[in-house]
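Listed below, chain by chain, are the residues.
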Amino acid sequence: MAKIIVEVMLKPEILDPQGQAVGNALPRLGFTFATSVRQGKRFEIEMVGQPTDAQMADIHKAAETLLSNPVIETYLIKVEN
Amino acid sequence: MALDTVSIAQETPDTAQPYKELGLKDDEYLRIKSILGRRPTSSELAMYSVMWSEHCSYKSSKVHLKQFGEKAPHSDALLVGIGENAGVVDVGQGYAVTFKIESHNHPSFIEPYQGAATGVGGIVRDILTMGARPIAVMDPLRFGLADAPDTHRVLPGVIAGIGGYGNCLGLPNIGGEIVFDETYAGNPLVNALCVGVMRHEDIKLAKAHGTGNLVVLFGAKTGGDGIGGVSVLASETFNAAKPTKRPSVQVGDPFAEKVLIECCLEIFHEDLVVGIQDLGGAGLSCATSELASAGSGGMNIQLEKVPLRDPSLSPEEILMSESQERMCAIVEPEKIKRFMAICKKWDVTATVIGEVTDGLQLNITFNGQLIVDVPPRTVAHEGPVYNRPIAEPEYRKSLQPISSAVPRPTSPEEIKSAILKLMSSPNLADKSWVTSQYDKYVQGNTVLAQPEDAGVIRLDEVTNLGVAISTDANARWSYLDPYEGAKLALAESCRNIAVAGAKPLAVTNCLNFGSPEDPGVMWQFAETVRGLADICLELGLPVTGGNVSFYNQTGSVAILPTPVIGVLGVIQDVRERTPMGISREGLELFILGKFDDNLSGSEWAHLFGEIGDSSPVLDLAQEKSLINFLLAGQSLFDAAHDLSNGGLAAAISEMVLRHGIGAKITVESAGIQLFVETPGRVIVAVNTANAEAVVELAQTHGVEISSLGSTGGDALCINDSVIPILELRAAFEETFPKLFG
Chain D
1 MAKIIVEVML KPEILDPQGQ AVGNALPRLG FTFATSVRQG KRFEIEMVGQ PTDAQMADIH
61 KAAETLLSNP VIETYLIKVE N
Chain H
82 MALDTVSIAQ ETPDTAQPYK ELGLKDDEYL RIKSILGRRP TSSELAMYSV MWSEHCSYKS
142 SKVHLKQFGE KAPHSDALLV GIGENAGVVD VGQGYAVTFK IESHNHPSFI EPYQGAATGV
202 GGIVRDILTM GARPIAVMDP LRFGLADAPD THRVLPGVIA GIGGYGNCLG LPNIGGEIVF
262 DETYAGNPLV NALCVGVMRH EDIKLAKAHG TGNLVVLFGA KTGGDGIGGV SVLASETFNA
322 AKPTKRPSVQ VGDPFAEKVL IECCLEIFHE DLVVGIQDLG GAGLSCATSE LASAGSGGMN
382 IQLEKVPLRD PSLSPEEILM SESQERMCAI VEPEKIKRFM AICKKWDVTA TVIGEVTDGL
442 QLNITFNGQL IVDVPPRTVA HEGPVYNRPI AEPEYRKSLQ PISSAVPRPT SPEEIKSAIL
502 KLMSSPNLAD KSWVTSQYDK YVQGNTVLAQ PEDAGVIRLD EVTNLGVAIS TDANARWSYL
562 DPYEGAKLAL AESCRNIAVA GAKPLAVTNC LNFGSPEDPG VMWQFAETVR GLADICLELG
622 LPVTGGNVSF YNQTGSVAIL PTPVIGVLGV IQDVRERTPM GISREGLELF ILGKFDDNLS
682 GSEWAHLFGE IGDSSPVLDL AQEKSLINFL LAGQSLFDAA HDLSNGGLAA AISEMVLRHG
742 IGAKITVESA GIQLFVETPG RVIVAVNTAN AEAVVELAQT HGVEISSLGS TGGDALCIND
802 SVIPILELRA AFEETFPKLF G
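From first to last, the protein sequence lines are chains D and H. For the first sequence, our numbering gives the first residue as 1, with consecutive numbering after it. For the second sequence, our numbering gives the first residue as 82, with consecutive numbering after it.
If we strip away everything but chain D, and leave its shape as in the complex, we get (with noise of 0.2 Å):
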């Protein structure tokens, strides 16, 4: 059984005002190390076997078209077992 993790950023020049207000609450809190903060989502997808070619390369298209919205975000796969 393997782990598919599908991790969406948003771009880097794309505004991001979760990370900004969740960079903004840190110092208020008492934690000073941070410079920046970016929030991103992550897709834990489960299935049976290794993938395949073919759906490794059904899951970049899932990726593409459900999981991120490409015009803003980019993604990471990363298969675990």
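Keep in mind that the hints were calculated from the coordinates and are not lab data. Misleading hints may appear alongside valid ones.
[Said to hold, decoys possible] Only pairs whose alpha carbons sit at most 30 Å apart, straight line, appear in this in silico DSS-like list of lysine-lysine: (1) H/Lys584 to H/Lys152; (2) D/Lys11 to H/Lys386; (3) H/Lys302 to D/Lys41; (4) H/Lys147 to H/Lys101; (5) H/Lys339 to D/Lys41; (6) H/Lys386 to H/Lys416; (7) D/Lys61 to D/Lys3; (8) H/Lys426 to H/Lys339; (9) D/Lys11 to H/Lys302; (10) H/Lys101 to D/Lys11; (11) D/Lys11 to D/Lys41; (12) H/Lys819 to D/Lys61; (13) D/Lys11 to H/Lys339; (14) H/Lys339 to H/Lys302; (15) D/Lys78 to D/Lys61.
A quick note: this is a predicted structure, and the numbers were derived from the prediction, not measured.
Keeping the supplied structure of chain D fixed, place chain H upon it in accordance with the hints.
Coordinates of chain H only, in the frame set by chain D:
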């Protein structure tokens, strides 16, 4: 990575510049050179290119739009006219109202959610800039066919974006339209209207006066939003190895805007600004050049002081950035401390980036080096003006009358199935799927909202003074005859205002067209403006401002000419407003106005793929009489509803469906009378005790009135055809959930 300064530009006159990629024509580039007496620096080139774009300069439309000034009726109500961020009208009791409509079509096609959201944000800032508190928004929308795949990408995003941004701001969304037509596939129209209120003395203007006054940029930090086009400058001229191409998508942050609104209103309240301008299209380039141009002319800006979200931005990009939620104010030095204190209180970043000078040039430096040295008028107000070729389009010669393929139902069964077909068609079906995503009642001043004919908002809790706003367009009539189509749209909007019980006062418009380089499109545009200016003069309504959106075109197929007209009216006591729905049994129904048999442009014909050959012709005298009758009889009506899209069939169905109380009506020639959309007609529901008075009042005003039937029961009965409300409601309500889930 050398900075292209004015002195470098003087020394290297022959450096090739990517002006074509920035959308400038050869002669426009030469004109910039002759204005400056040298080649522009890359920053200047960026500024001119974006300010001389169609969107900012109105270069194709200006020669026509000046009719709004030339034919302007005298109006005591007009406090601020065209040219400012939004027009302002006097609504009495010391209140002034400002309203405006703008397009955000292209961004909404690229990224529907953010495009529509930032459209709302932009128009709200325009209203705020006038000194007003924004109180409501409206969104007239046009999409491709409802079952087209791209509509399913664009529509849900647009609706969610409008709702997301407007709801976060706490602004009620009180009206608008949704229309589907195949010409909008690839060219959705997302128009956004905002209305705001202030006291007369609080009106603010976008002018930079007073030598030594400070230029303050406040609100969100500047990032690389919306500068996709300008990236050619940065990459080609300086640095080909930028990490990513700059996006053309701007992302809105409604919570930042909400804070900015409250911050601005407090600043206005203490009278701390000389002039103010929001940053929208063309960002700082637009704000600085317009403020300077409208004022005395001279301004120095130190660009390195602009707070950046992305430190890798080049000066050209900082000038072009369309980052949202930013404002630019002119503040007297002695008031700056208080100004900054208020910004600090609201946690709004504010930075002095320059000052007004006694010169005539707009000078921008970056770390001490002069990168822009231009006369601001040449950037902002004296851009190129084109008198583009105009030719009546060929299609008008091949228009055919409505054929016999469009059925004229007569039997009870035919009538019933026709009504169900019409009311379940996407253009007429229930829009709750959309409007329930918008907050209609936040702030507690909404008196009427969708699906009513007009949105009505209370301004004063004590006197109950209110305003009514309606937006309308009938693009099919405009396609058949743009001159009449524009007049009819405006008349319909006025009728919608009057039906609700308010007196029409002022007009705004958003003119959505194809490419101005197509003489046929330009003809449609010229005829539209001529029609609007004529009817505004005849009705005594000033145009307070508006927006032109060209290039809504895919290949050689332009959208239907779509002049969206917004009319603002005033109602002295909102408790007296007239709703559209039948709320009681036993009322008498009357129909006002005459009808003919021209089905051209009707929704019924559209359902069978026909558009016909001629639009109706506006009967202005009749329209005026009808409006006067509606205002005079306001207290006599239980309900009133305008006949528009879908004609009598749609109007009576909507009145019945509003509260689920049936009606029984009799029509002579059902096949025509139910579906024809002859303008200038209204249905009123009247208590029997008032019936005689209503008939008399109509006769006094010279308005044709005839009895239509009565209310009651649980069905809509048309002659011998019985349509149970449950069945009608199912047809009406299931379309949108089925289409868009």
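To see whether the hints hold, each was checked on the structure:
{"no.": "1", "hint": "H/Lys584 to H/Lys152", "in the structure": "holds, 21 Å"}
{"no.": "2", "hint": "D/Lys11 to H/Lys386", "in the structure": "holds, 26 Å"}
{"no.": "3", "hint": "H/Lys302 to D/Lys41", "in the structure": "holds, 24 Å"}
{"no.": "4", "hint": "H/Lys147 to H/Lys101", "in the structure": "holds, 29 Å"}
{"no.": "5", "hint": "H/Lys339 to D/Lys41", "in the structure": "holds, 26 Å"}
{"no.": "6", "hint": "H/Lys386 to H/Lys416", "in the structure": "holds, 20 Å"}
{"no.": "7", "hint": "D/Lys61 to D/Lys3", "in the structure": "holds, 17 Å"}
{"no.": "8", "hint": "H/Lys426 to H/Lys339", "in the structure": "holds, 14 Å"}
{"no.": "9", "hint": "D/Lys11 to H/Lys302", "in the structure": "holds, 17 Å"}
{"no.": "10", "hint": "H/Lys101 to D/Lys11", "in the structure": "holds, 28 Å"}
{"no.": "11", "hint": "D/Lys11 to D/Lys41", "in the structure": "holds, 13 Å"}
{"no.": "12", "hint": "H/Lys819 to D/Lys61", "in the structure": "holds, 26 Å"}
{"no.": "13", "hint": "D/Lys11 to H/Lys339", "in the structure": "holds, 25 Å"}
{"no.": "14", "hint": "H/Lys339 to H/Lys302", "in the structure": "holds, 15 Å"}
{"no.": "15", "hint": "D/Lys78 to D/Lys61", "in the structure": "holds, 14 Å"}
Of the hints listed earlier, there is not a single one the structure fails to meet.
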